[in-house]
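Protein chains in written order, with my numbering: chain A, 12 to 403; chain B, 12 to 403.
Don't read these hints as lab results, they were simulated from the structure. Keep in mind that the hints are not guaranteed to be accurate.
Treat identical chains as interchangeable: a pair holds within one or across any two.
As the list claims (entries may be wrong) - Using 30 angstroms as the maximum straight-line C-alpha spacing, the simulated DSBU-like pairs for lysine-lysine come out as follows:
hint : residue 1 : residue 2
1    : K56       : K135
2    : K372      : K56
3    : K56       : K44
4    : K135      : K36
5    : K56       : K36
6    : K381      : K36
7    : K262      : K206
8    : K36       : K262
9    : K56       : K381
2 protein chains.
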Amino acid sequence: MRKSEFVLPEGMIYLDGNSLGPLPKAASARLQKTVQDEWGQLLIKGWNDAGWMHQPTAIGERIGRLIGAPAGTVMVGDTLSIKIYQALAAALAMRPDRRIIVSDTGNFPTDLYMAEGLINSLDKGHELKVVPAESVTDAIDESVAVLLLTQVDYRTGRLHDMQALTEKAQAAGAVVIWDLAHSAGALPIDLQGCKPEFAAGCTYKYLNAGPGAPAFIYVRPDIVDTIEPALSGWLGHTAPFDFSLHYQPGKAIERMRVGTPSVLQMSVLEAALDIWDDVSIDEVRDQSIELSELFIQLVESRCSELTLISPRDPQQRGSQVSFAFDEGYAAIQALITDGVVGDFRAPNVMRFGFTPLYLDKDDVRLAADKLVNVMQNKLWAEERFSVRKAVT
Amino acid sequence: MRKSEFVLPEGMIYLDGNSLGPLPKAASARLQKTVQDEWGQLLIKGWNDAGWMHQPTAIGERIGRLIGAPAGTVMVGDTLSIKIYQALAAALAMRPDRRIIVSDTGNFPTDLYMAEGLINSLDKGHELKVVPAESVTDAIDESVAVLLLTQVDYRTGRLHDMQALTEKAQAAGAVVIWDLAHSAGALPIDLQGCKPEFAAGCTYKYLNAGPGAPAFIYVRPDIVDTIEPALSGWLGHTAPFDFSLHYQPGKAIERMRVGTPSVLQMSVLEAALDIWDDVSIDEVRDQSIELSELFIQLVESRCSELTLISPRDPQQRGSQVSFAFDEGYAAIQALITDGVVGDFRAPNVMRFGFTPLYLDKDDVRLAADKLVNVMQNKLWAEERFSVRKAVT
């Protein structure tokens with residue numbers, strides 16, 4: 012759809028945009044402008060004259076349009092871990108008489124870790140109940156303070172039914188937080204229709220804003236003014252430049268700002284979002300399903316050693332396909348050496364992301380052929396592929 | 012000292028490096044390498060092959076050398092607000108039977124706000140006692156859990172005696188946190204000798220790492236292994252890529268990492284720190300005092316309307332000089348228009364930072380002449396200078 016707008020290394024088929032999206036060609040020039048013309052020439056005046064101070068709000072508006080959020084409900088900044096903490100601290104404060112947080116084993120671990128840290132810090136007897144994804148609905152009852160879930164399982168791509176789980180949790184009086192890390196830019200999201208209290212996500216996966224790109228947080232507009240932020244940083248103050256001694260939360264979503272925004276990363280994010288201006292997320296979703304289905308068909312028909320662990324129904328799946336294989340780590344290394352970049356998640360998951368912005372059917376056919384070659388010729392058995400690195 | 016290594020706009024004398032340092036010339040090339048060669052060509056492999064994953068630790072070592080911290084005690088990431096929150100949450104947990112946090116009215120507001128947010132969130136009856144700087148020592152008694160101070164007052168430049176206050180607080184059984192925002196890169200700091208439990212700081216002021224550059228946190232090595240981080244993100248886990256369901260804190264300072272580091276900002280920070288490799292911080296301090304004394308002398312002798320509110324003794328002062336003047340906002344605008352960039356802090360403070368890395372005596376003489384011109388000719392009275400912008 013927009014392949015010409017990305018830097019894609021010669022000879023590489025990149026099926027790891029679910030982990031880190033590729034470089035948008037416009038990003039370098041945008042970054043040089045921010046560095047040379049703004050920081051270099053305006054220096055401190057950049058906060059006003061180049062609009063740095065307003066970036067987190069303005070970019071929040073643009074991300075909001077991709078996830079079905081109304082104007083004025085999304086703020087950009089920090090990391091997803093921090094944004095989850097902000098949401099969870101606020102959610103627990105909304106249900107002071109309840110002590111249970113429900114999540115699932117398919118949630119990305121940092122969400123669980125941040126919940127553990129918050130529970131430990133509060134020391135009020137909260138409990139994090141982590142159940143299998145299929146048991147979440149049964150775990151929801153009137154003891155639950157917060158339902159904290161990631162829509163798309165980072166290993167299998169399994170999709171939760173956001174609407175049904177949100178309704179069930181809210182009917183039981185729980186507050187709902189959705190982590191959209193593997194959703195934003197991958198499939199249509201309708202926060203306004205779904206009505207969770209909170210959502211958060213990152214921008215370095217399907218939004219292609221680069222390593223260390225900032226996160227975002229959504230707060231439902233009818234509750235935002237009741238929130239007293241746990242992370243009450245000066246840029247979330249109603250009048251930061253009054254330098255008063257007491258915190259007064261800023262208007263609506265502005266209170267979810269914390270410290271000084273990462274201006275250089277924000278500028279790259281702006282360039283990355285420009286690509287989305289004329290892209291239909293419905294079309295992205297349709298093509299992602301086509302590409303994923305094609306890959307599954309081409310691989311399964313020729314590689315009986317690989318077991319599909321993603322849901323077979325594409326409507327139940329995010330924008331990735333995963334296979335289980337005991338020698339999956341070595342197989343991914345062999346495949347990367349042959350120019351197809353997927354990734355591996357312990358203990359045995361081979362993951363492949365499908366991102367129609369810069370992938371087409373020819374890429375998918377070639378990637379499938381190369382994976383079949385690795386499997387049929389047992390290239391994974393070569394010793395050089397089994398040495399593990401810290402990150403894959 | 013290193014003027015040729017910075018981009019300094021033609022005709023501008025920049026006395027605001029205490030707010031945002033100028034662009035190091037090497038930063039653009041370093042950033043292009045990170046963007047084009049690393050993100051663009053390595054994509055996900057950048058985390059290993061370009062060392063992105065290790066950057067926060069490696070850069071922490073380099074910052075540690077500038078603040079007298081031993082190896083393995085400094086971690087880079089997030090914003091200073093977040094790092095203060097991490098330190099304060101850990102400090103309060105170390106003194107579960109005490110309820111008082113002492114700080115002063117000269118602390119930068121975000122430190123106070125983060126403390127308020129944490130206190131509010133914990134809901135255990137903690138109290139933030141904010142006293143005038145000169146009363147801090149009297150406010151320390153055996154009820155105090157934490158002493159939270161910024162060494163250099165952001166408005167006046169007044170220096171706290173880190174050693175004496177740390178000793179007094181620790182003798183009373185309190186935990187000590189120093190905010191080094193206006194200290195790191197401005198004057199010699201000896202954390203190893205001073206022995207506070209925690210310190211934190213930012214890198215966009217005297218370390219010149221650009222708008223939104225990451226913060227740092229120091230934890231004294233004898234206590235770090237006892238800390239259960241409140242912000243327990245996945246990259247602070249002992250084995251993040253095991254994706255286990257429970258948080259286990261990483262080794263020593265590694266546990267103070269939270270989420271995905273801002274790789275682009277980190278790269279700029281690396282380039283900015285290169286400048287410090289052959290610079291003596293003692294020499295920086297000596298020259299900063301020379302420049303500041305010269306400025307005070309040249310201004311005071313000719314502008315009786317300006318009242319020095321920085322300590323007159325340079326040993327009691329950070330690397331800035333501040334004057335009070337009721338029309339200070341307009342005077343600073345008039346001065347900026349004439350090419351000298353200082354800044355204004357409400358209600359009436361005109362601030363000037365002295366940074367010998369890229370300022371010399373000729374700059375200071377010319378800046379003083381221009382300030383004298385603004386004052387003697389009452390240029391501040393022109394209407395165009397009194398219209399306030401959001402940030403100055």
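Evaluated hints:
| no. | hint | in the structure |
| --- | --- | --- |
| 1 | K56 <-> K135 | neither (46 angstroms within a copy, 42 angstroms between copies) |
| 2 | K372 <-> K56 | between (48 angstroms within a copy, 24 angstroms between copies) |
| 3 | K56 <-> K44 | both (15 angstroms within a copy, 27 angstroms between copies) |
| 4 | K135 <-> K36 | neither (50 angstroms within a copy, 51 angstroms between copies) |
| 5 | K56 <-> K36 | both (28 angstroms within a copy, 19 angstroms between copies) |
| 6 | K381 <-> K36 | within (27 angstroms within a copy, 44 angstroms between copies) |
| 7 | K262 <-> K206 | within (20 angstroms within a copy, 41 angstroms between copies) |
| 8 | K36 <-> K262 | neither (36 angstroms within a copy, 39 angstroms between copies) |
| 9 | K56 <-> K381 | between (52 angstroms within a copy, 19 angstroms between copies) |
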